[in-house]
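S.K.: Those sequence lines, one after another, are chains R and U. Using this note's numbering, the first residue of the first sequence is number 170, and each one after it goes up by one. Using this note's numbering, the first residue of the second sequence is number 170, and each one after it goes up by one.
Hints are not guaranteed to be accurate.
Treat identical chains as interchangeable: a pair holds within one or across any two.
In the DSS-like style, the derived pairs of lysine-lysine whose C-alpha atoms are separated by at most 30 Å in a straight line are [said to hold, decoys possible]:
| hint | residue 1 | residue 2 |
| --- | --- | --- |
| 1 | K661 | K266 |
| 2 | K659 | K262 |
| 3 | K552 | K574 |
| 4 | K515 | K546 |
| 5 | K266 | K659 |
| 6 | K289 | K268 |
| 7 | K661 | K515 |
| 8 | K481 | K515 |
| 9 | K659 | K244 |
The set of hints was computed from the structure by calculation and includes no laboratory data. Treat the numbers as computed from the prediction; the structure is a model and nothing was measured.
Number of protein chains: 2
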Amino acid sequence: MLSLCRVVRPLAFRARRCAHNPAFSHLNTVTEEDVAHFSNILAPSSVFSTIGSNSVSSNDIATYNVDWMGKYYGKATTVLRPRSTAEVSEIVKWCAKRKIGIVPQGGNTGLVGGSISLDKEIVLSLGAMSKVRSFDPVSGILVADAGCILQSLSEYVAPHNHIMPLDLGAKGSCQIGGNVSTNAGGLRLLRYGTLHGTVLGLEVVLPDGTILDQLSTLRKDNTGYDMKQLFIGAEGTLGVVTGVSILTPPAPQASHNVMLALPRYDNVLPLFQTVRRQLGEILSSFEYIDRTAYDMAIDHGHSRIFNEEELKSTQCFVLVETSGSNKEHDEQKLTELLESLLTAAKPLIVTGTLSQSAAQFASLWALREGLTEAVQKEGKPYKYDISVPIADFQRVVDVLRDQLKSRGLYGDHAVSKVMGYGHVGDGNLHINVIAKHGYAPEIEQALEPFIYEVVASLNGSVSAEHGLGSMKPHALHYSKSNVSIDWMRKIKGTFDPLNIMNPGKVLP
Amino acid sequence: MLSLCRVVRPLAFRARRCAHNPAFSHLNTVTEEDVAHFSNILAPSSVFSTIGSNSVSSNDIATYNVDWMGKYYGKATTVLRPRSTAEVSEIVKWCAKRKIGIVPQGGNTGLVGGSISLDKEIVLSLGAMSKVRSFDPVSGILVADAGCILQSLSEYVAPHNHIMPLDLGAKGSCQIGGNVSTNAGGLRLLRYGTLHGTVLGLEVVLPDGTILDQLSTLRKDNTGYDMKQLFIGAEGTLGVVTGVSILTPPAPQASHNVMLALPRYDNVLPLFQTVRRQLGEILSSFEYIDRTAYDMAIDHGHSRIFNEEELKSTQCFVLVETSGSNKEHDEQKLTELLESLLTAAKPLIVTGTLSQSAAQFASLWALREGLTEAVQKEGKPYKYDISVPIADFQRVVDVLRDQLKSRGLYGDHAVSKVMGYGHVGDGNLHINVIAKHGYAPEIEQALEPFIYEVVASLNGSVSAEHGLGSMKPHALHYSKSNVSIDWMRKIKGTFDPLNIMNPGKVLP
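Full structure from sequences and hints, please.
M.R.: What follows is the structure, given as structure tokens:
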């Protein structure tokens with residue numbers, strides 16, 4: 170059974186939270202003595218605490234205690250911003266000795282409350298560790314501190330004609346250590362694969378303070394268990410990632426994109442097959458946007474891509490990107506694709522817009538990447554990030570909308586919009602349910618566990634890329650067997666027997 | 170200190186092997202009762218034992234007790250060939266109860282003695298589990314029994330226009346479960362990445378007989394720790410891989426290859442950069458072959474690719490392969506590349522041969538893929554499979570040859586050839602030292618730990634893709650820190666506290 174005390178509730182529920190969370194009774198509260206110790210081992214600018222002689226106000230650390238959606242609120246009294254791996258190690262050793270919980274925090278851009286303190290844990294922010302350690306322009310291997318912002322790393326490797334193997338909407342704030350810890354997917358996964366393939370090595374401070382240095386810069390190394398893999402996607406529950414070695418691919422010489430309007434959802438799958446066959450190795454993204462999401466983007470100021478006439482018969486959209494080494498060849502492939510699509514006896518698309526300039530290229534992407542922000546402006550979103558067979562994408566959205574209708578919760582008085590968008594090529598759909606007037610228990614009860622049961626019936630994943638954080642541990646069993654969950658617990662127990670590392674996250 | 174009893178020695182050393190290996194004193198010998206039990210739970214055709222009422226001769230199980238190089242000899246009395254995961258589970262449960270060691274064996278094509286019994290373990294052959302469980306031609310996701318032969322799987326997906334994401338010389342014998350358990354690299358890694366990225370799920374029988382079913386067919390699933398990763402490359406020491414879910418890429422529409430002759434090794438790195446820049450996303454292999462290896466292939470009957478005149482000024486070769494979706498575009502890219510290489514002011518190559526037919530394409534690959542077999546015909550090989558910076562490839566081969574010369578061991582009386590070939594794009598070099606008259610202690614002593622020390626001085630890996638098996642556990646510390654090795658032990662202890670799973674392998 171799910172204890173209400175164990176999960177951070179949305180705003181509407183905050184009053185219900187327990188003052189003393191029994192799930193954290195094994196942990197100690199941070200004391201003045203602890204803060205004094207941290208002040209001894211760290212620079213003064215690295216310690217922020219509402220207790221002790223140099224205390225700050227809770228406002229001063231407010232940004233560390235709330236996620237960017239404003240959905241998860243923490244109550245950490247103390248935030249530490251170490252500047253080196255050695256400092257992280259010292260902090261963790263002390264916390265292990267004193268049984269103080271630690272929440273590692275990167276850019277705090279997660280969507281499942283994984284980087285927010287649930288009880289009395291400290292926040293260990295990696296933001297002050299933001300140096301590139303090395304880059305080899307021949308191999309493209311980059312070694313960086315965990316706190317490096319993804320976009321800064323993209324800019325760092327760009328002059329060497331390399332790109333980061335991942336890209337996501339939050340790139341301006343998210344940090345590479347957080348990307349690794351949450352196994353971030355994003356917009357380039359179709360082309361460059363997962364971080365399990367592109368991360369070559371990690372440096373991790375383990376829950377007893379030991380520094381595990383597996384910061385290899387080798388593409389191939391079969392000397393024993395590939396333990397770094399365990400920390401990719403562990404959401405900071407097995408240790409603190411402090412350094413990352415990652416393979417950056419050569420930058421494409423040419424990039425193009427095209428937005429296609431489709432008369433109905435059923436065409437998405439055959440369109441994907443056609444596009445993949447004709448574009449082959451230059452296909453780098455195939456993103457799905459349903460009509461509701463598109464209209465919302467336009468409502469929030471995005472310039473129109475299609476005219477009213479074209480939109481009349483359009484049910485959904487696909488954004489296709491190519492990245493290749495020869496502009497002429499790529500343009501020819503794309504032109505041939507569009508011609509064959511537009512002249513087909515039974516056309517899969519209504520129409521399409523091919524970007525003709527860097528500005529247009531950016532504009533098409535801006536619509537897709539801006540959806541998350543537009544959602545925030547619409548109301549309070551319930552976000553579900555699922556893997557299901559591509560053929561079922563829209564059906565899941567429709568079923569969820571019907572469920573809300575049947576409970577009388579669909580409309581401007583409750584849920585104003587239910588929409589789907591996501592990475593078709595990866596089978597990953599983002600569903601956003603927008604509560605116009607804020608989070609409400611009856612909406613959540615209508616959505617959950619209903620949505621998880623739908624996903625489970627399709628053998629899908631209840632978290633394709635966002636992770637479990639504090640939002641979904643209770644739903645883990647919809648995607649993993651009891652044997653798997655038992656073994657996760659054993660792994661957690663082996664690395665973190667005191668349960669001080671991001672307690673209450675990932676495992677139910 | 171390395172106990173002589175703990176490592177299977179080459180043929181020359183066999184007499185020295187201990188009758189009772191103290192490293193295996195925790196394990197029991199297989200008895201008639203055990204064989205009777207196995208005969209009860211398995212079909213008669215699944216049990217082969219030199220003991221018990223239906224005993225066979227040791228000759229009948231000889232192929233399970235020697236690796237294909239004839240370097241590692243085992244002394245298993247009992248070989249089991251289960252036909253299902255449930256049968257594997259029953260076998261393992263019994264062995265756990267009785268403390269009997271288990272050596273999981275796939276195609277037995279490994280090069281480090283990982284699939285040969287070291288003492289009194291049984292051999293658990295996966296060869297009778299060879300069914301494809303499912304294949305989705307849209308996503309390309311294949312689910313197969315561990316015992317499926319790699320080439321059979323390639324042939325299975327070919328009519329659906331897909332290919333396996335890995336390819337290696339042993340494809341006609343090696344099994345997908347063994348590929349996964351050894352994290353096999355091979356010839357396509359440059360293009361399709363490692364198995365850590367392409368394996369989507371595994372079914373594993375754990376050392377207590379529990380079946381861990383993580384046979385996901387999802388490209389993205391961030392629900393908790395990605396435990397399957399631990400079994401990729403664990404060489405059967407953490408459990409028996411019984412099923413594999415793997416992402417197969419769409420088959421390229423066009424493939425080309427070209428063999429380039431280089432005047433000197435120093436040109437390899439700038440050539441790699443040029444080729445990668447010009448061919449971009451269609452580059453699928455970049456294989457290095459030194460002059461000694463090339464000459465050996467010709468000596469063993471491979472048809473000549475270059476004439477005597479061209480060879481006079483050639484020090485080494487590179488085999489480049491492209492795979493793309495548009496024949497015309499690919500040919501244009503290749504032609505432009507060759508023209509620019511041949512007309513350069515300071516040419517990086519002497520000459521090149523572009524295959525003009527399927528037969529020529531196959532012939533160029535046959536030279537590269539046939540090297541392993543040619544080496545076997547030359548004598549007894551010491552094989553080192555290392556990751557080092559590309560710029561140091563040939564220097565490592567030269568240094569090793571010099572070392573043998575300085576000990577008076579280079580020449581037809583001892584080591585007749587020292588050669589290097591491998592996957593430049595992955596930084597992976599295969600060094601073969603050929604003992605003309607068989608393995609000999611003075612040769613091994615000249616080579617080891619010398620070669621490992623050289624690799625360690627270059628921050629390389631002592632095993633890029635072959636694994637550690639029983640050959641290299643003692644060399645693990647050259648590539649991994651003590652902290653890493655300690656944690657490998659903890660992982661091993663968590664999964665296999667009785668140490669029955671492939672004992673004596675991987676960990677020192």
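S.K.: Now tell me if each hint is right for this structure.
M.R.: Outcome of the hint check:
Taking the closest pair of Cα atoms, K661 and K266 come within 30 Å of each other both inside a single copy (18 Å) and across two copies (26 Å). For a Cα distance limit of 30 Å, the shortest separation of K659 from K262 qualifies both inside one copy, at 22 Å, and across copies, at 20 Å. Taking the shortest Cα distances, K552 and K574 sit within 30 Å of each other inside one copy (18 Å), while across copies they are farther apart (67 Å). When the C-alpha separation of K515 and K546 is checked against a cutoff of 30 Å, the pair qualifies neither within a copy, at 39 Å, nor between copies, at 60 Å.
Taking CA atoms no more than 30 Å apart as the test, K266 paired with K659 passes in both settings, with 22 Å inside one copy and 21 Å between copies. Within a single copy, K289 and K268 get their C-alpha atoms as close as 11 Å, which meets the 30 Å cut-off; across copies the closest is 46 Å, which misses it. In the homo-oligomer, the alpha carbons of K661 and K515 never lie at most 30 Å apart, since the shortest distance is 54 Å inside one protomer and 58 Å across protomers. For a Cα distance limit of 30 Å, the shortest separation of K481 from K515 inside one copy, 18 Å, qualifies, whereas the shortest one across copies, 61 Å, does not.
Proximity of K659 to K244 under the C-alpha cut-off of 30 Å is restricted to the intra-copy arrangement: shortest distance 29 Å within a copy versus 35 Å between copies.
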